[in-house]
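As they're listed, the protein sequences go chains A and B. Oh and the first sequence: position 10 is 10 in the working numbering, straight run, nothing missing. Oh and the second sequence: position 186 is 186 in the working numbering, straight run, nothing missing.
Where hints are given, some of them may not hold.
Covered, in the sense of this in silico footprint (three residues per stretch, anywhere, with C-beta under 8 Å from a C-beta of chain A), are these stretches of chain B [said to hold, decoys possible]: (1) 55–67; (2) 70–76.
Calculated lysine to aspartate or glutamate pairs in the EDC-like style (CA-CA distance at most 20 Å, straight line) [what the hints assert, rightly or not]: (3) Lys213/A to Glu110/A; (4) Lys206/A to Glu107/B; (5) Lys146/B to Glu107/B; (6) Lys19/B to Glu171/B; (7) Lys206/A to Glu62/B; (8) Lys47/A to Glu110/A; (9) Lys114/A to Glu129/A; (10) Lys182/A to Asp3/A; (11) Lys54/A to Asp3/A; (12) Lys19/B to Glu90/B; (13) Lys141/A to Glu110/A; (14) Lys213/A to Glu107/B; (15) Lys50/B to Glu62/B; (16) Lys206/A to Glu114/B; (17) Lys213/A to Glu114/B.
Derived by calculation from the structure, the hints in this document are not laboratory data. No experiment lies behind these values; they were computed from the predicted model shown. Note that CB positions come from ideal geometry on N, CA and C, so glycine has one too.
Below, each chain spelled out in residue letters.
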Amino acid sequence: MVDFSLWDIFRNLLLALRWTVALSLIAFVGGGFMGLLLLLARLSQSKVLQIFVKAYVQVFQGTPLLMQLFLAYFGMALIGIETSAWLAASVALTLYTSAFLAEIWRGCVEAIPKGQWEASQSLALSFSEQLRYVILPQAFKIAIPPTVGFLVQVIKGTALASVIGFVELTKAGTMITNATFKPFLVYSCVAILYFALCFPVSYFAKHLERKVKRGHA
Amino acid sequence: MRIELDFISVLAEWPMLVKGVAWTIGLTSISTVVGLALGIALAWSRVHGKLALRAFAGSYVETIRNTPFIVQLFFVYFGLPALGLRLSPEMASVIAMVINLSAYATEIIRAGIEATPKGQIEAGMSLALQPHQIFTHVVLPPALKKVWPALVSQIIIVMLGSSVCGQISTEELSHAANLIQSRNFRAFESFIIATLTYLTLAMALRRLLNWAGPRYLFGR
Numbered sequence: 001m002v003d004f005s006l007w008d009i010f011r012n013l014l015l016a017l018r019w020t021v022a023l024s025l026i027a028f029v030g031g032g033f034m035g036l037l038l039l040l041a042r043l044s045q046s047k048v049l050q051i052f053v054k055a056y057v058q059v060f061q062g063t064p065l066l067m068q069l070f071l072a073y074f075g076m077a078l079i080g081i082e083t084s085a086w087l088a089a090s091v092a093l094t095l096y097t098s099a100f101l102a103e104i105w106r107g108c109v110e111a112i113p114k115g116q117w118e119a120s121q122s123l124a125l126s127f128s129e130q131l132r133y134v135i136l137p138q139a140f141k142i143a144i145p146p147t148v149g150f151l152v153q154v155i156k157g158t159a160l161a162s163v164i165g166f167v168e169l170t171k172a173g174t175m176i177t178n179a180t181f182k183p184f185l186v187y188s189c190v191a192i193l194y195f196a197l198c199f200p201v202s203y204f205a206k207h208l209e210r211k212v213k214r215g216h217a
Numbered sequence: 001m002r003i004e005l006d007f008i009s010v011l012a013e014w015p016m017l018v019k020g021v022a023w024t025i026g027l028t029s030i031s032t033v034v035g036l037a038l039g040i041a042l043a044w045s046r047v048h049g050k051l052a053l054r055a056f057a058g059s060y061v062e063t064i065r066n067t068p069f070i071v072q073l074f075f076v077y078f079g080l081p082a083l084g085l086r087l088s089p090e091m092a093s094v095i096a097m098v099i100n101l102s103a104y105a106t107e108i109i110r111a112g113i114e115a116t117p118k119g120q121i122e123a124g125m126s127l128a129l130q131p132h133q134i135f136t137h138v139v140l141p142p143a144l145k146k147v148w149p150a151l152v153s154q155i156i157i158v159m160l161g162s163s164v165c166g167q168i169s170t171e172e173l174s175h176a177a178n179l180i181q182s183r184n185f186r187a188f189e190s191f192i193i194a195t196l197t198y199l200t201l202a203m204a205l206r207r208l209l210n211w212a213g214p215r216y217l218f219g220r
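Okay, chain A solo, but in the shape it has when bound (with noise of 0.2 Å):
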């Protein structure tokens, strides 16, 4: 058995969470960008897009991010793509976290008082026109702060790609665990690198949060 001190245990799982954050911030900017189209469409006039937006939201939304990563794997292999387990994490987080932004950005525009529309479409701006000079940039402003909130959600999200073999701060942990027989040592230190990477995060969304609800009053 090799020996592990305590600092190689977290040297170890500091290594392992650079490939968390970086999972995450693929998941974030994918899913970010994915779910502005989905916004979009959601928006749009057409009845079809907004169905299909609706079912993507409510599937997304209504499974377990577990399956979605199993399907991810399994399914990418049967269309003949050669699976990692990088490629099918990032695709899955990545269409995990496009149905919570849509939705939630959603809200946001709903959040924009009707009047705003009703002037705008006065001024005879075209529907693009509206959403980019009139309704977005209102949006934008409130929806900053549970957008920040939900990347919590998503890094949290990416300990279950350790699942699928995907080496990252929980895959790592167990690995450690199963050479040094230490658990609890070794989850509690996977716990706080945890915790040191999405409780500044939550904070931030916080403080935003508060900063706007002034703005409001």
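Following the hints, complete the assembly by docking chain B onto the known chain A.
Relative to chain A, chain B alone:
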């Protein structure tokens, strides 16, 4: 390229799926009841408790909300035996789910409690109600009513999260799907069926809770 899907050989294992669904429902029911009760207690502590209790409830909530469920589950199942507390997978799953739900429920219920108009509490006091009576009869029911939609969503998230409990060999739905695919190698099909079952469960649970909440928890 042809893709052959074979759902029949998965559905042929239906007794395992039914058992899995039963476990998922069982785990969710227990942790909902206990988790909500604990959440109410913690929300009370955060608003009315002494300083030490408030601080404890606050740090509990932040710790749980800022770590992933799977780590909490592993900590309970693999970590606690090191302290001499050996748990069955099912027991560990319930404990982890209760801990998880109660932390989120605390924050949600607290928001409801803090939104109580002051006049209501003063009215309760002028009727000579004890503080605990004011809390259970005046503050809590409308608070729960106000935040019920958020609580329902959180309970559904916990139900979906229970799929992770299969990782410590609790025999819930995702574990059943995993077992089936290890027998007949129909991985994609068996996870599709499990996923659709979860979707159905989530929609049914939302309906059930929206119906049951006003009826049994906080009156209409």
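Check each numbered hint from earlier against the structure, then list the numbers of those it violates in ascending order. 11
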